[in-house]
Amino acid sequence: MAGRIPISVTVNGVRREAEVEPRLLLVHFIREDLGLTGTHVGCDTSNCSACAVLMDGKVVKACTVLAVQADGRKILTVEGLAKGNRLHPVQEAFLSKHGLQCGFCTPGMLMSAYALLQVNRHPTEDEIRKGISGNICRCTGYAQIVESVQQAARSKRW
Amino acid sequence: MIPSSFEYASPNSLSEAIDLLAGRGAEAKVIAGGQSLIPLMKLRLASPSLLVDISRLPGLNRVEESRDLLRIGALTRMADIEASILIRERYHALHDASEVIGDPLVRNLGTLGGNVSHGDPNNDMPAVMLALGAEFVAVGPKGERAIKAQDFFLDTFTVALSHDEILTEIHVPRARTGSGGCYLKLEQKVADFATAGVAVQVRLAKGGEVGDIGVGLTAVGPTAIKARKAEDWMRGKMPTDGAAVQELSRLAAEESDPSTDLRGTSSYKKQVVALLVSRALRRAWEKAGGAP
Chain W
-9 MAGRIPISVT
1 VNGVRREAEV
11 EPRLLLVHFI
21 REDLGLTGTH
31 VGCDTSNCSA
41 CAVLMDGKVV
51 KACTVLAVQA
61 DGRKILTVEG
71 LAKGNRLHPV
81 QEAFLSKHGL
91 QCGFCTPGML
101 MSAYALLQVN
111 RHPTEDEIRK
121 GISGNICRCT
131 GYAQIVESVQ
141 QAARSKRW
Chain R
17 MIPSSFEYAS
27 PNSLSEAIDL
37 LAGRGAEAKV
47 IAGGQSLIPL
57 MKLRLASPSL
67 LVDISRLPGL
77 NRVEESRDLL
87 RIGALTRMAD
97 IEASILIRER
107 YHALHDASEV
117 IGDPLVRNLG
127 TLGGNVSHGD
137 PNNDMPAVML
147 ALGAEFVAVG
157 PKGERAIKAQ
167 DFFLDTFTVA
177 LSHDEILTEI
187 HVPRARTGSG
197 GCYLKLEQKV
207 ADFATAGVAV
217 QVRLAKGGEV
227 GDIGVGLTAV
237 GPTAIKARKA
247 EDWMRGKMPT
257 DGAAVQELSR
267 LAAEESDPST
277 DLRGTSSYKK
287 QVVALLVSRA
297 LRRAWEKAGG
307 AP
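Same order as they appear, the protein sequences are chains W and R. Reminder that position 129 of the first sequence reads as 119 in this note's numbering, one-by-one numbering, no gaps. One gets this note's numbering by counting positions in the second sequence from 1 and adding 16 to each.
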């Protein structure tokens, strides 16, 4: 029980095995052990959700999950959205609507928007605002983020 | 921010989990969704030497209504409570609270058992549990026992579970015809603690007067508060009696004990309690079938 614990996590469709300290946070496993630095650490205090990833299809804060708790689960990070060079419709919409200013919160916004649209393909503006209510944009550029999600919902390319 | 080192165990059964806890004493902590505990561990306000992860234990996330009870497994996620049609239609206060706890990401992992057994007076579900007259089922080395919500919240971060007991199920009295509830919370921003929160559960008698009522308060004292004087006052009164409702609100505010902080002064928070109690009673009454 002491020491490192073996885990097996499927990240963006690829099975990754590692031995980790129990205190390793999922976000650090993703960024430092796997080198997937698209998942950002914003506040580090479980408030901002820049670190949002999907775990078994549900959007969660990777800074508030232990890597050992992700053992046996499927993780989707922002790197897993695009297919090769082809951006995901949610990414395309953020690009064309300029749904970002500094861009730091964008990976988390994309994951929350993606998770929302997975369960609700035609959200109202209110539902979009609730869906991203856990994600903080310090530039406060929410209007264009909401427009981006609306555009993504209209995309025929899902 | 990185937690202190700890050992981690993911037991396969409840009895194995209890053995692990009993063997380690107060140094061990139960983790389920982790949405309260992990933030505290990152800040090193909590540094357990052993985490016993019960989140994979089977059978503890069911929501079932029987003849007398709504039974909710302790591992039921907030998002699952929020999505439950049964709870939305019949257990309104519970549904209301499930929509305003933390943020959507927290609700995807946070569990009902964790929200109540953490013992944080700022958590929303304790007040709902007090208003509903819920009971908590705990299992320990000596077997199972039931603890009434009103006997459960002892002090800030202290509940009536011993270190080797695990909360397994929450029992809520079955919703009867003529009953309704509401949870209202004033918060400055999403996922912040409440300035104040109020849960009201009401059952109307045949004549339309209040047959029974439960009032629970969030974030205005060292624990969630059951506003007993307010409840006693309101039994037998008409929910449409403005003067009676005003006295109900005044008594609930009097029973609250808020501290002054960045979310407001103590006297301001008492006024918020009074306002939310009258609004929550109105909505609970509407849900109970009182004319809107």
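A portion of the hints provided could be inaccurate.
Claimed, not checked - Lysine-lysine pairs mimicking DSSO-like chemistry, simulated, CA-CA at most 27 Å apart:
#1 W:K48 / R:K58
#2 W:K73 / W:K87
#3 W:K120 / R:K205
Read the hints as simulated data drawn from the structure, not as lab findings.
Against the structure, the hints:
no., hint, result
1, W:K48 / R:K58, "23 Å, holds"
2, W:K73 / W:K87, "21 Å, holds"
3, W:K120 / R:K205, "12 Å, holds"
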